[in-house]
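Could you put together the complete structure from these sequences and hints?
Mapping to my numbering: the sequence shown position 26 is 26, numbers consecutive.
No wet-lab data here; the hints were simulated from the structure.
Think of the CB as a built atom: it goes at the ideal place given N, C-alpha and C, for glycine as much as any other residue.
Just so you know, not all the hints are guaranteed correct.
So the derived label-pair ranges between C-beta atoms look like this [said to hold, decoys possible]: (1) D50 to P14: 35 to 45 angstroms; (2) V45 to R13: 39 to 49 angstroms; (3) V29 to D50: 23 to 33 angstroms; (4) V49 to F18: 37 to 47 angstroms.
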Amino acid sequence: MRKIALGMRWGCRPAVTFFLFALVTGVAVEAGTVALVFVGVAVIVVSVVDLAVRHR
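Below is the structure:
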């Protein structure tokens with residue numbers, strides 16, 4: 001019960017913490033997605049170049 005009372009007293013602090021956490025998570029997910037796309041494109045380019053060099 002004491003935690004609930006503290007939670008009500010500091011009502012806005014968890015919201016701010018959650019917002020910051022969500023923001024950081026969102027940025028991390030965006031960066032991870034961009035990195036995955038970049039790696040995928042790099043792999044495709046390397047494999048295409050490799051095929052082109054082999055079949056010359």
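For this session: Determine which of the earlier numbered hints do not hold for this structure and return their numbers in increasing order.
Result: 1
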